[in-house]
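Chains as they are written, first to last, in numbering that gives the first Met the number 0: chain A, 0 to 294; chain B, 0 to 261.
Note that these hints are calculated values from the structure, not bench results.
Please read these numbers as outputs of a predicted model, since none were measured by experiment.
Virtual Cβ for every residue (Gly too), placed ideally from N, Cα, C.
Hints are supplied without guarantee of correctness; some may be wrong.
Said to hold, decoys possible - Okay, the calculated bits of chain B under chain A, using three or more residues with CB under 8 Å as the criterion: (1) 34-40; (2) 46-60; (3) 87-98; (4) 119-125.
What the hints assert, rightly or not - A few chain B residues that don't get close to chain A, going by computed Cβ distances all over 12 Å: (5) Glu-74; (6) Ile-83; (7) Asn-101; (8) Arg-109; (9) Leu-161; (10) Arg-189.
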Amino acid sequence: MNELINYLITGVANGFIYSMIAIGFILIFKCSKIFNFAQPEITILGAYIIYAATVQFKLPFMLGIGITIGLIAILALIIERVLLRPMIGQPILSIILLTLGLGSFVRGAIILIWGTEWLRFPPLFPEGGVAIGRIATLSYPHVFFLSMCSLFILSLGAYYRFSRGGLAMRATADDIIVAKVLGIKVTRVLALTWVIASTVGGIGGALLTSVTGIHYTAVEIGFKSMAVGLVGGLESLAGVIVVGPLLGIAETLIAGYIDPLVGGGLSEVAAYFVLMVVLIFRPHGIFGWETIERV
Amino acid sequence: MLKMVNVEVKYSEVILVLRGISLELPANKIVCLLGANGAGKTTTLKAISGLLGSEDGKVTDGFIEFSGERIDRLETEIITKLGISQVLEGRRVFEHLNVDDNVRTGALSRGDGEIKVDIERVYGYFPRLGQLKKRTAGYLSGGEQQMLVIARALMGRPKVLLLDEPSLGLSPLLVQEVFNVLGRIQADTRMSMLLVEQNANIALKISEYGYVLENGRVVLDGPSEKIIENQDIREFYLGLSELGSRKSYREVKHYKRRKRWL
């Protein structure tokens with residue numbers, strides 16, 4: 000029983016991080032119809048930057064997070080300005096391929112700088128955790144994950160839903176030509192989506208790897224988040240917030256109960272299996288936009 | 000106020016769509032632009048609002064002036080900020096946003112404190128929209144969507160409103176309603192409107208001056224009441240014969256009458 004609850008907690012905590020990274024995909028996809036294949040690499044770049052800040056330069060973790068946000072935001076601005084803006088008006092497929100290339104480039108740069116070794120953080124959090132009633136304890140990393148993710152997701156959601164900037168984003172996502180005609184600075188909106196998408200990705204990567212350690216193959220986190228985005232529906236922010244924890248739980252449960260029986264590895268593909276099944280029945284994802292057609 | 004001089008527009012560097020169009024929209028006036036499909040009406044509006052770029056079109060000759068300033072090389076966003084707002088053809092509401100959010104997007108280009116007042120004013124013109132504030136715009140009826148896109152454009156407080164076929168696909172009663180409101184808005188705000196229409200009848204009634212486009216050229220222009228009188232317009236755009244009675248197609252011998260300007 001205790002074990003099950005622990006699996007559930009871990010699943011939810013990891014899952015929210017997937018949701019956060021997936022929000023990055025979705026924002027970019029909604030506003031520019033570009034599926035950003037560089038997001039996984041940007042995600043682990045966040046992890047490496049925070050490693051550099053906290054381990055190599057021995058800065059405190061929270062300051063490291065601040066630095067990660069700053070650097071990733073600057074990188075996103077450069078990417079948007081130098082690579083994507085000149086591509087406006089070109090076929091979407093070329094732009095998507097461009098993001099694939101960008102991803103490989105970032106991965107190469109990471110290997111060049113940090114090598115292919117497993118890098119481990121010193122323990123960031125004290126042992127133990129917060130007791131919930133008598134049955135479960137919420138370990139400190141999980142407390143931290145959950146609070147950070149809720150902070151980011153809630154503030155992003157509020158910005159998207161209620162602010163003028165969010166309204167401009169939603170309008171651009173709906174019809175970019177009309178947005179232009181209404182005087183919305185579409186290029187600024189797109190730059191902002193890249194900054195937000197990359198920073199939530201980078202922070203997500205930094206959080207997850209702070210416990211597991213970093214290796215360049217951790218781009219896997221990003222691809223799992225892509226699965227979360229697709230299952231939730233590429234247009235729905237609420238969708239990924241629901242689906243992320245579900246996939247996280249599925250993963251930890253399979254890792255806990257089924258992997259020992261079959262010799263491991265099944266948890267790694269669980270997300271993609273769910274993705275396949277969902278897309279067969281709901282091609283738009285669970286909460287995706289269906290084209291509105293009046294009857 | 001708004002002036003096009005000898006404007007030539009090419010798509011993809013080869014397709015010549017406008018062959019030297021000159022027209023003028025004075026302040027505080029409604030001017031209409033008539034013409035059949037493919038005459039270049041929409042392209043004219045897009046040239047003004049700077050939307051040709053996204054379709055690989057270009058103003059290759061002539062110029063467009065707004066309040067004495069050349070605007071044919073500016074970005075759409077900047078042209079809108081200068082005070083020219085276009086209502087695109089085909090009721091392009093933000094489908095997934097609700098009515099209220101749609102209206103608010105119109106004010107995103109300005110940041111003053113009078114937005115709330117304007118929202119109320121716009122709902123005053125279109126009370127139906129005021130009742131549907133929380134409704135997702137994609138599910139509104141055609142007439143409601145047309146009202147919504149006009150309301151949204153008004154929120155930017157434009158000095159010039161470009162309207163691309165507001166009557167498209169609406170019932171005659173709704174067309175009348177939309178045009179009544181347009182007339183009221185014009186009287187209240189004293190903004191200029193450039194109206195592109197297929198429905199020549201109603202367009203000529205509301206406007207003071209008209210241009211007729213054919214094959215990318217202005218073939219006829221004049222005060223609207225003069226245009227209504229024009230034999231060719233009566234025949235080819237209004238479908239009326241000499242006596243003002245409906246035309247009997249049995250008696251039509253098309254080869255007998257030719258448009259004079261061709």
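Minimum Cβ-Cβ distance from B:Glu-74 to chain A exceeds 12 Å: Per Cβ check, B:Glu-74 is inside 12 Å of chain A; nearest 8 Å; violated.
Exclusion check [B:Leu-161 not at the chain A interface, CB over 12 Å]: Contrary to the label, B:Leu-161 does not stay out of reach of chain A, its closest Cβ about 9 Å off (not over 12 Å).
Verify that the Cβ of B:Asn-101 lies farther than 12 Å from every Cβ atom of chain A, and report whether the claim holds or is violated. Violated, since 8 Å does not exceed 12 Å.
Tell me if chain A covers the stretch 87-98 of chain B under the three-residue, 8 Å CB rule, please? Check passed, 6 qualifying residues.
Evaluate the condition: distance from the CB of B:Ile-83 to the nearest CB of chain A exceeds 12 Å. 10 Å, violated
Non-interface label on B:Arg-109, tested against every C-beta of chain A at 12 Å: 8 Å, violated
Per the coverage rule (Cβ-Cβ under 8 Å, at least three residues), is the stretch 119-125 of chain B covered by chain A? That given contact is violated, which follows from only 0 residues of the stretch 119-125 of chain B lying within Cβ reach (below 8 Å) of chain A.
Taking 8 Å as the Cβ threshold, is the statement that the stretch 46-60 of chain B is covered by chain A upheld or broken by the three-residue rule? Result for this restraint: holds, n = 5.
Reported absence of B:Arg-189 from the contact zone with chain A (all CB gaps over 12 Å): Given that every Cβ of chain A is farther than 12 Å from that of B:Arg-189, nearest at about 21 Å, it holds.
Check whether three or more residues of the stretch 34-40 of chain B sit with their beta carbon closer than 8 Å to a beta carbon of chain A. Violated: only 0 residues of the stretch 34-40 of chain B have a Cβ under 8 Å from chain A.
Violation of the numbered hints given earlier is confined to hints 1, 4, 5, 6, 7, 8 and 9; the remaining hints are satisfied by the structure.
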